[in-house]
Structures are given as structure tokens and as C-alpha cells.
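Top line first, the protein sequences correspond to chains F and A.
All the letters of the first sequence, read from the start, carry residue numbers 1 to 266 under my numbering.
All the letters of the second sequence, read from the start, carry residue numbers 1 to 365 under my numbering.
What the hints contain is simulated information worked out from the structure, not anything from laboratory work.
Careful, some of the hints might be misleading.
[Claimed, not checked] Some but not every residue of chain A turned toward chain F, in silico, with C-beta under 7 Å:
#, residue
1, GLY211
2, LEU213
3, ARG265
4, THR266
5, MET267
6, GLY268
7, ALA269
8, GLU271
9, PHE273
10, PRO281
11, TRP358
[What the hints assert, rightly or not] Only pairs whose alpha carbons sit at most 30 Å apart, straight line, appear in this in silico BS3-like list of lysine-lysine:
#, chain 1, residue 1, chain 2, residue 2
12, F, LYS136, F, LYS179
13, F, LYS124, A, LYS258
14, F, LYS85, F, LYS198
15, F, LYS124, F, LYS198
16, F, LYS144, F, LYS179
17, A, LYS311, A, LYS173
18, F, LYS144, F, LYS124
19, A, LYS311, F, LYS85
20, A, LYS138, A, LYS70
21, F, LYS179, A, LYS173
22, F, LYS144, F, LYS127
23, F, LYS136, A, LYS311
24, F, LYS127, A, LYS258
25, F, LYS127, F, LYS198
26, F, LYS144, F, LYS229
27, F, LYS229, F, LYS248
28, F, LYS229, F, LYS179
29, F, LYS124, F, LYS136
30, A, LYS258, F, LYS144
31, F, LYS229, A, LYS258
32, F, LYS179, F, LYS198
[Stated by the list, open to error] Here are some, though not all, of the chain A residues that point toward chain F, as calculated from beta-carbon distances under 8 Å:
#, residue
33, PRO120
34, ALA124
35, TYR260
36, ASP262
37, MET293
38, GLY296
Here the structure is a predicted model, which is why all the values come from computation and not from measurement.
We treat Cβ as the ideally placed atom computed from N, Cα and C, and that holds for glycine.
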Amino acid sequence: MVVALLKKQQDENTAVASRIRVEQVSHGFDTLTGRLDVLEDIDLDIAPGEFVALLGPSGCGKSTLLRLVAGLEPASAGCITQDDKPITRPDPSRIVVFQDPTLFPWRTVWDNIALGLEAQGILKQEKARVDAALQKVGLEGFEKSYPHQLSGGMAQRVALARALVNNPKVLILDEPLGKLDSLTRLELQSELVSLWLKNGFSVLLVTHDVEEALFMAQRVIIFTPRPAKIAAELAVDLPYPRHRGDPKLAGLRHEVLDRLGLGTSW
Amino acid sequence: MSASAVADVPGFDNKSPQTEKTTDSLAGQFLSTTNTTPSTARTFFAHRQGFIAALAWGLLGALTLLWPNKPVGFEDWAFTTEFGVAALTIAAIWAALAVLVSAQAQFPRRLLATFRHVAPWLIASAVIFTAWEIFTAKTGSLPPPFFAPPSSLIDAYVNNYARLADSTFNSVKLLFEGVAWGAAVGFTIGVSIGWSRRANYWIHPLLRFLGPLPPTALLPISFFFFPSSHSASVFLIALATGFPVAILSWSGIASVNKAYYDVARTMGASELFLIFRVAIPAALPQVFVGLFMGFGASFVVLIVAEMMGVKSGLGWYLTWAQSYADYVNMYAALILMTLIFSSLISLLFVVRDRMLVWQKGIVKW
């Protein structure tokens, strides 16, 4: 049912989703005290238009995996492909939204959102896309504000619009709601889901919030502590829009916490 | 006009019949009697300061005109009468203003705020001028020619305005040439060593080694190596400006949040985009600190260079006046210098405020 809904939405939108394959990927850093292994033998397949959440203890290497998928760093071993083409460098078809909004403080909201189009040299022809993105996140009227005038939630909305304006095929979310207050957080979770449903891109979400992962994603991948390996995988086969009070979600939550070694607290 | 707006303005006493008339509702009366009581004392005080200022300037004028100057062995100080009249004129204008305000004349609010703001300084300056006049022209406690009354400054400006204007023009021209070169080269160097590892490897040691050397120490050798004293001075001023600009541009570029680059790179930014649209704008606040420091250093070098070799400019004017033991003229040049340099720094801050409107809590000059 979800798939059918997605298909329909995709037909209405021009945005296309990508398949991301992570094959046998290991990664580590050389530090002063020696080699630090962060990822070990990760295999992951994200179908076009799928919403996948990566869940694990903090510092386990989830964010590193995102950097590799974004193409910001090459993997030490293994291969990551986007639609069967290896990922070697960053590309506007895979946009990352970080935990900090990282808006450029010297640019107005409008100019921040226009960043990607400007970097690609197509801003002049595509100005309407900036206005459309601004509208998608509900920030009309704030075009000329500077980032320091925005609240945390608004800043993260701008960061989201700045990502969406590029029509990404994969949206990579690195704990994007981690620093927001809990109400804004719930609000933006629902908005992210509806943006995904409308646009049809694939989503890779890193979070350490179990409820967030279960509320938003179709599939939750649980990682072990560092060096991160995939400990378990859980399908969340529930229709959208979901309800936080759904007893099935509560059951899944128990299962996830159990996998993370926190089963007794539930 | 509402009662609260009236009460905020100095001179508008809220007990006056006019205000009573405007507060026709109960709520209005409440506002005028409770909300404004604390500000009444304040506005009345500022108001009184206006009268004190007028009085102080009046005293200065009267003292200048009525107390004869002490003879100092040569002809009397010129422009004593003019100075006295000028002081009395200021007193008259200020008294008129104070009266108008008490009579509740309609002034724009900003003008009233300025009036209130400058009154204490006006009183202080009258006191300073009075002391100055007494200790120089009237009693001679501060001996001429090293000390001269304020009126003699008028003499210096009137008699030497052509030479002073010419010197000012030459100084400003030389300064701009040097600062423009220094800022441009310093900024380029700073950005390169902040961005490129190779540039850092080669330029950083040179900067570390040569930077702290005071450019004035190179003065004799520069006059020898350069074809003219003008080009030598441009070089030294550029050196003085360039060093802080380079260091702070570098540190600005080096301290840019690395996440900004990640964001831009994932969106398809080229290296040039990263430098010109990410690194440089992010570094600008520091660059302006460098320019501010560079400006200060350039003033020092300018004046020293003009005193040592350049045959024009305000620095040269100082030594020229000194050679005639014409200290009044030196004071005149010094005051002019203060005005010029202070205005240049203010100009820099105006430019900065325009370019960095996005910054929170920017320091006001």
C-alpha cells in the first residue's frame, strides 16, 4: 500500500529516486594512537524511494557511513554505488542535512537556499525553484532574514529547503532534528515524512532516537558499537501517516531496545 | 498626540495645562500621572544642563573679551576678540535652544535626543577652554611659545590654510596609495596561505620572520633603494598595512567552520566557489580587524616617513613648524591630523557595518 502510494506520488513529481548500494564497506582513521576502525563489513541496499533509518549508540560510526555515501570521503575498503555507478565525489543528487543547520550566516534565508543552484551555475534560470523550496518548508516572508534572526527549528527548515531545492535523488539526514526542542522535533518529523511522500526521493536517516526512527522509516537498521556492524534489521510495515500511539509501534520499540541491549528498561 | 509621547520629550512638563487637555480619558490621566513620573525628573535635569552649557560658554566669552591678555613681549595674541565673540554666539544659540525647548516648541524627537546627549560635553568643553584661555593668554602660567591660547589656533588656520590644505592632500594621497597596495597584497597573501598548503609552506616563514620588523626600521634603506622618497614611503606604508591584514585574513580563512565546505561541496561547489563564496565571506570579520590594525600602523609610518624624507604632507608640516619654533602651527597640524585619521577609521567602520550587516552584536565605533 505504501509502495503504491509512493508510485503514484512519483508519477506526479519529476524527482526521481536513486538506489544506493553499500557493499562490503569498511572504514577507519589513522590517529596518533594508531588505527581506529569505525565501520566493518557493512552491506546495505536502499531501494529507490525507500526511507531507511540507521540506529545505533552514539559514536558508533553511523555519521561516517553517511559521509561515505555523500562522497565527502572515500571508503577504506568496499564499494558504494548510486544506481550502479560508484560514488567518488559529492554530487547535488545526494544532499546531506546535518545536525547543525550550518547556514551561511552572511547570506539571507533566500540566498542560503539558493546556494546549490548558484554553485551549479543555474541560479539565474531557476530562481523559481528557490521560492518553491521556501514555500515547501513554510518560510514565506523570511526571505530577507539572516540566520541569526531565526529560531533553531526555522534554521533547520531553511537547511531542509536548501537541500530540497537541488531536487535530490537521495536525501541524507545526519541527526537533523537532534538539537531541536521536543515539540519542534515532533512537528518536523511529520513534515519530513510528508515531504518524502510528496517528492519520492530515497532517504537515509541517522538518528539515535528510537521513536523517531520507527515513526518515520520503512526500515530500521541497528548498528553495534564501534566498529559498527549491522546488528539487526527491522521492517516497519505500517501505513503513513503514522500515529505515535500505535500499539504496533510500541511493540517494535520494545524489539529495537532489546536489540540495543536496553530491553529490560521497557 | 498621546500623553505618553508628550511626556517622553524633554521640556514637556506633564503638569502643564497643555498636557492636561490632551489626556481627556481616565486611562490617559492615569498614564500621565504614574507612568511618566520617573522621567519627569530626568527630562528636567537634561533641560537644566542646556542652560548650564549656555551659561558656561557665556562666561568663557565674557572672560575672553573683558580680561585683558597678559603681554608676552611681542604683539598681542591675534583673534582674541573673534574667539570671545564665537563663544558668546554659541552661548546665545544654546540659550535660545534651551528656552525654545522649555516653551514646548515642536522639535523632531531625534534633535531633542541629540540636544540632551551633547549638553554635558558642551559644559565640559567650555570648562576646558576657559582653563586653557586663563592659563595661557590671561595669566601666562603656561609659557609661550610652547603653549598658546585657543584663539591662536584660529590664527594658524587662517594664515596657513593653503599650506595645510596642500599638506593634507599629499598625506591622504600617499596614505591611500600605500594602504591600497598593502591591503590588496596582504589580503591576497593571507587568503593564499590560509587556503593552500604550498603557499603556507613558502610564505608563512617569511611572514613570521619579516612581519614583526617595524617598517620604520627599513626607512633609511628604503630611501636609498627606491627611486624616490614617495615610492619608498608607499612601500613602507604598504608593508605596515599588509602585515596585520595578511595575518588576520589567514586566521580568518583558517578558522572557517569546515562544515560550510561540506555543505557547499555536496551541492556541487567548485574550488573557486569554495574560496570566493564560502571562505572569504566567512573570513571577512577578521579581515576587517586586520584592516583596522593596518590602518593604525600605516598612520605611524606615514608621519615618520614624511618627517624623515618626504618633502610634503602633515608629518613634514610638523617638522617645518618646529624648525621655526612655531608651536601653534604644530598644534594646528596635530588637530587636523586627529580629525583626518579619526574620520578614516570611521569610514572603515561604515564600510564594515555595511558589509557585515549579517553579524550579530557588531561593535559600534
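(message) Let me make sure I understand: some of the numbered hints might not hold for this structure. Which ones are they, in numerical order?
(response) 1, 2, 8, 19, 21, 23, 26, 33, 34, 37, 38
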